[in-house]
Amino acid sequence: MTFLGSFVVRRLLLGVAQTVAVVLLVFALTEALPGDAAVALAGDQPDPARIAAIREAMHLDQPAGERLLTWAGGLLHGDLGTSLVSGRPVATYLSEGFGPTLLLAALTLALLIPAGFGLGVLMARHEGGLLDRLASSVTLGVYAVPEFALGVLLVTVFALRLDWLPPTAVGYGTDLLAHPAVLVLPVLVLLARPVCSLSRLVRAGMVEALASPYVAQARRYGVPEARVRYLHALPNALAPAVQQLARTVDWLLCGVIVVEALFVVPGLGTVLLNAVSERDVPVVQGLAVVFGVLTVVLNLGADLVAHRFAPRAEVAA
Amino acid sequence: MRDSWGRRGFLAAGAASLGALALTGCGGDDGGKSAGSGGGSPKRGGRLRAAFAGGGASENLDPHLANLFGDAARAKAQYDKLADYGADLSAQPRLAAKWEPNKTLDRWQVTLREAEFHDGRPVTAQDVLYSYRRIADPAKAFRAKASLEPIDLTASRATGARTIEFVLKRPTAEFPNVLAAFGAYIVPDKAADFDKRPVGSGPFRFVSFAPGRSAVFRRNDAYWEGAPHLDELEFVVANEESARVNALLGGQIEYAHELNPTTARAHEGHGQIEIVRLRGSAMQAFAMKTDRPPFDDPRVRQAFFLIADRQELVNGALSGAGVVGNDLFGKGYEYYAADLPQRAQDLAKARALLKAAGASDLKVTLDTSEVAAGFTEAAGIFRDQAKQAGVTVEVRVGSKDSYWSDILDSGVLACYRSGAMPIEAHISQRLLTDSTTNATHWRHKDFDAQYQQAQSTADPAQRAAVYARMQRRLYTEGGFLVWGFADWIIGTGRQVKGVDTKAPANTLGWARFDKVWLA
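Going line by line, the protein sequences match chains A and B. The opening position of the first sequence corresponds to residue 1 in my numbering, with each subsequent residue numbered one higher. The opening position of the second sequence corresponds to residue 1 in my numbering, with each subsequent residue numbered one higher.
It should be emphasised that the hints constitute simulated quantities derived from the structure, not laboratory data. Yeah, the Cβ is synthetic: ideal placement off N, Cα and C, and Gly gets one too. Any given hint could turn out to be false.
[As the list claims (entries may be wrong)] Computed cross-link-like contacts, EDC-like style, restricted to lysine to aspartate or glutamate with a CA-CA straight-line distance of at most 20 Å:
no.	chain 1	residue 1	chain 2	residue 2
1	B	Lys43	B	Asp297
2	B	Lys349	B	Asp297
3	B	Lys140	A	Glu56
4	B	Lys400	A	Asp132
5	B	Lys140	A	Asp163
6	B	Lys363	B	Asp434
7	B	Lys140	A	Asp47
[Said to hold, decoys possible] Some residues of chain A that are not near chain B, with every Cβ distance over 12 Å (derived):
no.	residue
8	Ala17
9	Val22
10	Gly78
11	Pro114
12	Glu127
13	Leu140
14	Phe148
15	Ala169
16	Tyr172
17	Gly222
18	Thr270
19	Asp280
[Stated by the list, open to error] Example chain A residues on the side facing chain B (calculated, C-beta under 7 Å, incomplete):
no.	residue
20	Ala40
21	Ala53
22	Ile54
23	Ala261
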């Protein structure tokens, strides 16, 4: 247990360092972008005097290092700073955007795990058969379709042609659970690609495990086939799949941005897109912290799970 | 026609009530020409949901911060300006019932109509002065600040509860344009916090607001121009065009602002939704820097005027949703020099001009960016057209976020566009020596003098003659190659009636929901 404890502490420290690095990188990159918030806000009225006034009002005339220090100082007190554009606290941006994004991600994951593992196991059971080949080609095909195209396609068919589901979540705000129908298409789009990658991974792991000497040995001892499959073979396929799952969650965030734009869901992705286009650095930084922490925690969890199922895999990681 | 019925006639006659009546009549006419033909008589009730591309979570209800179309539409529902632009971009009285200049055009008496804010207080001269002083605050950067610059706000004063004397820094015949400036809304005296229960004098009262998601307003029954037909109005934000179209097609919204020409073509005449094209909304141009080679030679500029195949540009870059331009801003607006011959492609003459200027193997860099629809397409098309005249155009795609500021002083040739504004405002903001956004670096003392002359000419006909001379000069040797005017495309549900189809974006009739009803 002490070994596991030090492993967790080590990973947590690494995670904190990673988050700090992400934030510094975001700050540096935003500084390197052409123009600043004042220029972006001035838009097609680039009156130099007006830009200077906006810059002053936003304290952008202070040196970058000073702004970073102010911000980092606030962060230590749990203060994420205020938006350059609206002057509202960054924390309200995050708390308001978090709900819809979390809801989408949670629903997607809740469906992804049974669907991905189920499909993977099913394919492995019928390895080489018609079902395996059919599922393989379909998953490969769906995986190749970008979220945006898939979203447009699904909306056209299921919302506009068949009129089964609402085309967007416009006007529902953050209260999406009260209108579950609006969640169907976004979750489908988010689900489409991870299900493909996950099921293919589970299939590969299972196929490999089922062909391994220890499974052959178990079979020779007369262990029932279902027991062999789920207790001996599946855990071996699980370790890479769980790590893939954690990576999928990061990747989901990218998918979420597309899906939120397409279905007008006011979540973190939308907040991020707007903040970037407005050069609203404090908001971008706040989001970077949140995403960074989230990624670190998820990967830590995944490593722990993988560690539990296949202890040897961790040594290599 | 509109010119003689508009503000000029009204001022010359000095008969406020008659003028106001005529104008109200005009407004009613526009309402009748609704998107849905045979809209019938207005019906009361219902909630209209309108989707705009917006500012997301940093949206603000402060009308003076309005920067995007969505902000402007929201501000318009809730607040009034002293004047606003008619379909020809002439100033129409709104909260100001009338305005009268002194002989030298540097003092204007403005009389407010009887109107009240949503909390019952009357709109007074004090509110107007407070609003304008807030906009002009040197420590702030409100968008309308530059427009209000001609007013000396320390010398201006209230002469009565509803009368104001504006003292100007110089004669300004087009002073009513200042009153109609983008973002010059009137807020109650001392109002500073607009996110919580903002109070305006506009046709709709505030109900609720969630930044980046929705803003709900209810009919103001006491509106001075008559209560709106709608019970409620909701603004929603949908940045993706496909989301706006889908929401409209799916009946989730009734009004979608800013659609693509291809979307419009796909749905026009199919009966599912109505497509409204607001003509003359966006000038499309190439801006040539007239102070540096090769464009400091007027012959090169003239050659470029002749290189452009305007129809091809409109077809290719605007997907046909627009009309060709004639190297002048403001087609169809008040004072537009419509009598100048339409310029067409003439490659032989262009080659001859370039040869005469010693620029036969000319190479220029054309700056463009994804910042506006059709920009990169226009650049590509023009590059091919220029090749036929022996000019090598190298297209450089710049950053979207800093484009406007980048092209202001650097480069030689850039894609340019502008929304609707009076021709006078276009000149004063972009073509005078001290203009703050002079992208063509057009700086001529005699041209400045002509502008000042126009501003000190009280007689509208004489002033029109001065504007005609200025435009003739720009047409011959100016820096803007204006190749087209894009339509602004709006989609509405079939039940939506009373949408003004004549008003360019940013004018009074545009996004004017108090005249709209649901059939």
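request  = Assess, step by step, whether the Cα of B:Lys363 is no farther than 20 Å from the Cα of B:Asp434, and give holds or violated.
outcome  = Measuring from Cα to Cα gives roughly 30 Å; hence the hint is violated.
key: Satisfaction of the A:Ala261 interface hint, Cβ to chain B closer than 7 Å   = 5 Å, holds
request  = Quickly compare the C-alpha distance for B:Lys43 and B:Asp297 to 20 Å and report which way the hint goes.
outcome  = Violated, at about 60 Å.
ask   = Within a Cα-Cα threshold of 20 Å, do B:Lys140 and A:Asp163 meet the stated pairing?
value = Not OK: B:Lys140 and A:Asp163 at ~49 Å, beyond 20 Å, violated.
message = Using Cβ atoms and 12 Å as the threshold, tell me whether A:Pro114 really stays out of contact range of chain B.
response = Correct as stated: the minimum Cβ-Cβ distance to chain B is 30 Å, above 12 Å.
inquiry  = Confirm or reject: A:Thr270 is not an interface residue toward chain B, with every Cβ-Cβ distance exceeding 12 Å.
reply    = 6 Å, violated
inquiry  = At 12 Å, judged by beta carbons, does A:Gly222 keep clear of chain B as stated?
reply    = 59 Å, holds
ask   = Would you say A:Glu127 is clear of chain B, with no C-beta pair closer than or equal to 12 Å?
value = 41 Å, holds
query = Can the restraint linking B:Lys140 and A:Asp47 be considered satisfied, given a maximum Cα separation of 20 Å?
reply = Given that 20 Å is the threshold and the Cα spacing comes to 14 Å, the pair holds.
query = Are the Cα positions of B:Lys400 and A:Asp132 separated by 20 Å at most?
reply = 47 Å, violated
query = Looking at A:Ala17 again, its CB stays over 12 Å from all of chain B?
reply = About 30 Å separates A:Ala17 from the closest Cβ of chain B, which puts it past 12 Å; holds.
Proposed proximity, B:Asp297 with B:Lys349 (alpha carbon, max 20 Å) = 16 Å, holds
In the structure shown, a violation is registered for the earlier hints numbered 1, 4, 5, 6, 14, 15, 16, 18, 19, in ascending order.
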